[in-house]
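> Each chain, written out:
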Amino acid sequence: MPDGFIVTVIKSLILANLVMGVFAMLTWAERRMLGRFQVRLGPNRVGPFGLLQPIADLLKLIRKESLLPVGVNPVLYLAAPVVSLFASLAVFAVIPFGGQATIPGTDFKIFLWVSNPSVALLVVFALGSLSFYGFLVGGWSSSSKYSLLGSMRAVSQLISYEVSLALAVIGVVMMSHSLSLTAIVEAQHRDGLPYIIPQFLGFAVYVVAATAETNRIPFDLPEAEGELVAGYHTEYGGMRFAMFQNAEYVALIAFSAIASVLFLGGYGWPWLPGPIWMLLEMAIFIFVAMWLRATLPRVRYDKLMSIGWKVLLPAATLNLLVTSVIVAWRA
Amino acid sequence: MSTVERPPAAIQPLFTPARIPPGAPSKIDPPPGEDLITVNFGPVHPSTHGVLRLIVTIDGEVVVGLDADIGYVHTGFEKNFEQKTYWKGITYAPRIDYLAFFANELAFVGAVEKLIGLEVPERAQWIRTLFSELNRIHSHLVYLGTSAVEMGAMSVFFYCLRERDYVLDLFEMATGVRMHDRYPQFGGVAEDLPKGFYEECRKFCRMMPRRIDEYLDLLAGNPVWESRYRGIGTITPEAAIAMGLSGPNLRATGVPYDLRRTDPYLAYPEIDFDVVVGERGDAYDRFLCRTKEMYESVRIVEQCLDKMPSGPVMATDRKYVLPPRAELHTSMESLIHHFKLVTEGFRVPPGQVYYPVESARGEFGCYLVSDGGPKPWRAHFRAPSFVSLQVTAMMSVNRYVGDMIVVVGSLDGVMGEADR
Amino acid sequence: MPVTGTVKGFAVTFRHLFRKPVTQQYPEYKRPVYPRFRGRHRLHRHENGLEKCVGCSLCAAACPADCIRVVAAENTEEERYSAGERYARIYEINMSRCIFCGYCEIACPFDAITLGHDYELAEMSREAMVYDKDMLLEPMHPSRTTPVAPRDPFDVVEPAGDGGAA
Amino acid sequence: MTAAQLAAAVRSAVPGSVVGHEKGIDMPTLTVKPEKLVEVCTHLRDQQGKNFLSAVSAVDHLGYGENVAGYYGTERGRDLNATGSWGSPATPERPPKRFAVRYHLAHVGSGAPERVRVQVWLDDGQEVPSVVGVWPTADWHEREQYDLMGIVFAGHPNLRRLIMPKDWDGHPLRKDYPIGGEPVQFTDAV
Amino acid sequence: MHVGVEWFVSVSAILFGIGLYGVFTRRSPLILLLSVEIMLNACNLALISFSRYVGEQSGQVFALVVMAVAASEVVVGLGLVVAIARRKGDLDVDRLTGLRN
Amino acid sequence: MLGDWAALLVFAAIAFVIPFSLLFATFALATRTSRLAGDKSIPFESGVSSQTFLAGRFTVSYYMTAMLFIVFDIEIVFLYPLALELHALKWFGLAEMVTFVVLLVVAYVYVWRRGALEWR
Amino acid sequence: MAVTPVRIDRAIRSEDLEQYIMLTTVEKAVAWAQSNSIWPAGFGLACCAIEMMSLPSPRYDIARFGAEVFRSSPRQSDLMIVSGRVSHKMSAPLRQVYDQMLVPKWVMAMGACSSSGGMFANYAILQGVDKIVPVDVHVPGCPPRPEAVLDGFRLIQRKIRAGIPPAYEQEKSKA
Amino acid sequence: MTYDIVFVVASVVAIVAALMVVLSGNPFISSLALIGNLIALATFYLLLQSDFLAAAQVIVYAGAVMIMFLFVTAYLGGRADEPTRQRPIWQTLAALVAAAGIAAEIVFGVTRESFLHGPVVSDAFGAPQAIAGRFLGRYLLAFEGTSLLLLIAAVGGVVLATRRPAPRGADEPGAFEVERPQRVRSLQSSVMQAETAFEVVRTGARADEKDEA
Ligand code: SF4
Ligand code: SF4
Ligand code: SF4
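Chains as they are written, first to last, in the numbering used here: chain A, 1 to 331; chain B, 1 to 420; chain C, 1 to 166; chain D, 1 to 190; chain E, 1 to 101; chain F, 1 to 120; chain G, 1 to 175; chain H, 1 to 213.
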């Protein structure tokens, strides 16, 4: 533990709760933003500017009845939301929000990340793999047709885009010679340019795949309301349903953070503190996600799959080959 | 498995009358002997446009069998019409197809007027024309909004509803309510247009085309939208006619059949407008037809404003028309007339009549039988959505579940009208 | 061109980001209804305080929803309610059935009943929506009245060049 | 084409089919024998260009023109069809040829619709051949009339209730079917 | 640090035994495959333990290859299961004799 | 010994505790109702569900997707080390990588041609 | 069904609701949250459904009250807006969907038809949805204009804040 | 200390999960249990300082292989469950004895000799770079073989899963392919094109033909 046990625990607690707080704010922000996109106001009554809306939602959701529909497997049914939220939340352990920082007023130095394993990028993907089970198990154990269809759809979609996602970032790995996220940030500043420029193809693939991975429009097929009512979480109500939503939003934050780290140079820019840079960069991605949601219709399922397999995968492979030639040539 | 993309784009079984499969076209059974999943879409489902129930057999993501069940908002209109006097019947009519409410009233009022041979003053005709076009815009806006939100394009929904409110403002201004207005009365319209209506309506006409441009920018140019709609639910002109489609659903196949043109009523003969037709008869053409029809409707509204003649808005035949309010206090005769018309209603000569109008969804016909009494003996409505929803099965089977949603949406069925 | 098409769509939503929301803050700001709007019914009195209604039941006969009930009684010298011979001893409207068509208003030859402009009629029980004569003679509770004004339907001024603001 | 011309044309094509014709307020009306209905319709579709079936309307003429209490007429006589009545006090004798089924046809194409009405008269319980084979759109039209009026369309491929629930009793649009509902609620029972 | 490599190997052996038991007793081809997976994983664990013991990465490389092999085996095995299911509908390994045709 | 992994473990523990406590809250704080009225616990199916639904059969496309995913996932796992060392291995590494990718492309093209990428 | 004579209980008309607040602090907080986060399940049936659709529309924007989340699964929604005429055929699905909602839940009968059958006193229409589900708020109108529905919505909010239990509780205690 | 605790927890999880795999009758549960086992194994790999392998383990097994298992279980539906007919008891017993024997022997073997722990290794021990070095050095053949193997697996999987079922008798249960008419795009499109490319409807008689009728 680079910072010692106590500091790590404190850092983890702060980070985890911060993420949950940001999630809450994000639901509010998204509702407000969508409102503005749609020439209306959005939540503005609960607290100043409607800021307390997430709290009201939370309180209400917790007070909802807890029900096990008949025919469900209770353990699996209850475990599913926990697993999805866990998997998306745990990713934040490896995301660096800054380098080493000194706590103001003291000369106590801490790292602005919880953990920095050498295979951090793989950890991200490994945790991503775990999140599949939340959806799959949730839909499976609900004993409802919509849920089951929704969960099969969700997982197929996720695994299809996971491939492209992982291939898209290989270019970054090649250029930075590292799987550690801090090392990648440093490599970008060592090379003097964010990898969005040399890796624009990879970046494009990443953005599309990440949109699909977070189940956002235009790829929100698993819960396509028009078709499957609410998809894999049709049978979940109250807080359990909210945990799925929560997982999705947290994944959105996580994917934005990773995109900032991999392609925009993360925290390493001058003038502002690292975390601020990270937040700014993440905000761009989140805004784009909202903008997409406000504009695009959803694609059809087979189109979704063929975009994943027939467009993104070749594109990512192309990116991989080109980058490898460049890297080998420059070396 | 062959490499033909399945279901291929722009391919649909060709249903000419001869080629429509024997048996009931509205129900397609799944292949026998298969252990397939049957899922109910509806009646409580976000995208079955109300309470259509589709009993769908799916094989993976593909619909292999479909049976539609309607009647979940069956309201007994036709029985109620038989029970109420003609005058009260006007208030029932708009509730049949609640999006094209004005067209329904027109059909009923027109049928009764035809039965009794009542002449409608010119100005009333123009006012009716004006409102039936505003109503068409309203209906198409709701269609566009709902079908967009089904596809996840939320903003369009909100923009459409914003404009819909402007249309309904005009309705409220002139008729007193936003939706079910009972504005056309036998012999004319209930009241003359209010002061300030022209300006508001002109403002609306100036604004609306730009807004339609925006919808088209958002949807028509969007490749995702196009891929969802192109080639889905294709139907040939022959099949469309054989299946009784009308309105934009039929026009999207290229048949320029529009009662406003072919069988003109109201002031349409004197109005210059284009009948929008599609080419391929798929969902995309239906969408485009409706959207572009809104441009035409705005044109018609403008012409109505320009050419609106002056004069009375109500016929003067005291046998059928309530006397003017002012007369009630002065003329005893009028008061007695009033009394009689309100309590008993007027008697309509025996006979039968079928009176179609072009509602936003197609040929909306009112068939009335009178036995000479003050109440219709039988009222029957030809509801375009009722007819067009029959093709859901033909259009959806062998396609993806997502396409089925598109098909249902693009047929623009209004369940109130289908079930009556 | 698919790309320009998509970009156009994004531009439209982006543009709307800077338009003023058309939302009306309902409970605080009630959008005035048009003068012709048909809302809650009112029974009227003459200036001298007598009820205009004479209990002729024309309104009940005209009502498509059959939601008016009038039971008439003779006015006596001691108890005079209306100007005419008879008055409505019971006059009730079941608001939960009413469709606000205004036929009663048309039917009434004495202008005794009109449809006002108040629409905030929600109640927690069905029984509470049966309005008796006293309630109909009273105006709406002040917290639930509605402003009326002949005014512009376009509350939001269209941005210049958008064609709306002429 | 006037009603007479049309009737003549149909007569010559399908002998013994047309039993009457009239000009009608709105469109020519041909009265046809039920047995010949499909032939007449096929002829009208193929030779007369009536390719479009607008509507199939069945009418119950029980008590038509008799001023029978309960069917129409005085305000006091409406036992059966008064709101809230679920019972049937008395029904008039069932007349012969009680039902009429009317088909509204049109030509859809370039010009005017040139509508035609074809009607058949039916006894209670008599079947009428289905025209689904002529115009597939008749599918739901006929199912609806079967459901609400109880007319049996012989040869219909899928004649089930369409609108009312599957286990519903009776055919609501018949004249001897009560209107139902319940009286409007006021402060006391009416 | 008290846990030596032998502990890892012991756990690996136990897992291998459990997998073996599954292979012997279960009749559902899916669970059969799962048991095989357990055994392969047990081998992997042993490989990696020894690799750590020796301090040389060859064992890890082997384990990686084993993983790929296992995955391929699953692909083909499950492909077989699907194919059988499509043809015969009977999924009982004891009665899977008709695969020769 | 475990270094960063221990920190990860700590965070993971917290990341687990949060959803778990939320789940617990759904039991502890939920509104209780005494009756399980009518169809309450039947899964939702547009208002006309009659019984629970046991997992039925699904299309083989899902299997195909998963299969392809395995193949490509392993490819990725093999490619990552290679990608890391590419700058050191230079042309040899490149050649290896290209061979590896090309073999997969062959598989990919085959699969595409077989129609396994078509969703049905 | 004959209507039994009822003494109309007008004790709680909506304008004097505010005097009924009877909650502890915790309950107040929960009531505050519940009233500010009502996710409606649109039960759109007929004309009224179209006006219900304009609740989230830009002009009326029910989102301001935190209620724009129209969830289509009954498990996730708190308020069922029965908007339109309920036929007998529809009443079974209606009840089932109501049952499937998780408590606390509220029902709004929007429009004349769902409140009482409206103008359709006939064989097909259920004469008031309160015959099969306990209704919290009736909104008259045909269709009620969106402001009127918002008024009904605010009535539900005020009802929650006043501590009046949802209608199904009252029904239970009556029985 | 932490190390030991983690080890004990992981081994308990691994063994219990493995037992659940072989003892549960429901393949879905078995698969999920195996995931638990795999994650425990990944923890072992971490303890053995093989970081890369731990991550690869989760990605490949938990992420891909088990998903495939679950999908096939879903695909098979109810038929995936264990057949009810049991094997003879002696078979079970024999399996138990054999399995326990092998396990015991190894455990006995390895614990008798004291292996202790290996040499102290640097952090780079389990790093992917090292593995890449090995792979492209000594084990190049294995590397190439793996890619070939993947190719074969992909091909084989597709072949197996898409092979058309043998024609079946009418009473034979459980075929999957639904025969649907395959249409050729070009022909249909051209027919469509021809049928829709006109102004007015040609169905029925034209005005001029009607007079002859
Ligand atoms: S407005 Fe219409 S429905 Fe209402 S009471 Fe008057 S007449 Fe009856
Ligand atoms: S309100 Fe008018 S119509 Fe009605 S009873 Fe009174 S006077 Fe007669
Ligand atoms: S109350 Fe009126 S608007 Fe609402 S559903 Fe009934 S008839 Fe339609």
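Treat the hints with care, since some could be wrong.
Claimed, not checked - Cross-link-like lysine to any residue pairs, in silico, SDA-like; alpha carbons within 25 Å at most:
no., chain 1, residue 1, chain 2, residue 2
1, C, K30, G, A167
2, B, K114, B, R347
3, F, K90, A, T106
4, A, K303, C, G5
To be verified - Below, a sample of chain E positions facing chain H; criterion: calculated Cβ distance under 8 Å:
no., residue
5, V36
6, E37
7, V66
8, V75
In case anyone wonders, no lab produced these hints; they're calculated from the structure. Given the structure is predicted, the values throughout are model-derived calculations rather than measurements. Built from N, CA and C at the ideal position, the CB exists for glycine as well.
> Indicate, hint by hint, whether the structure satisfies it.
Hint by hint, here is what the structure shows:
Pair hint K30(C) plus A167(G) does not hold up; C-alpha atoms about 29 Å apart against a cutoff of 25 Å. Distance check on the hinted pair: K114(B) and R347(B) sit about 14 Å apart at the alpha-carbon level, within 25 Å; holds. Between K90(F) and T106(A) the alpha-carbon distance is near 47 Å, which puts this suggested pair outside the 25 Å criterion. In summary, the hint linking K303(A) to G5(C) is supported, as the alpha carbons are separated by about 19 Å, within the 25 Å threshold.
Among the interface hints, the one on V36(E) is violated; its C-beta lies about 11 Å from the nearest C-beta in chain H, farther than the 8 Å criterion. Look at E37(E): its Cβ gets to within about 6 Å of chain H, closer than 8 Å, so that hint holds up. Interface restraint check: V66(E) against chain H, minimum CB-CB distance 10 Å, threshold 8 Å, status violated. For the restraint placing V75(E) at the interface with chain H, the shortest Cβ-Cβ distance is roughly 4 Å, inside the 8 Å limit, so the hint holds.
Against the hints set out earlier in the document, violations occur for numbers 1, 3, 5 and 7.
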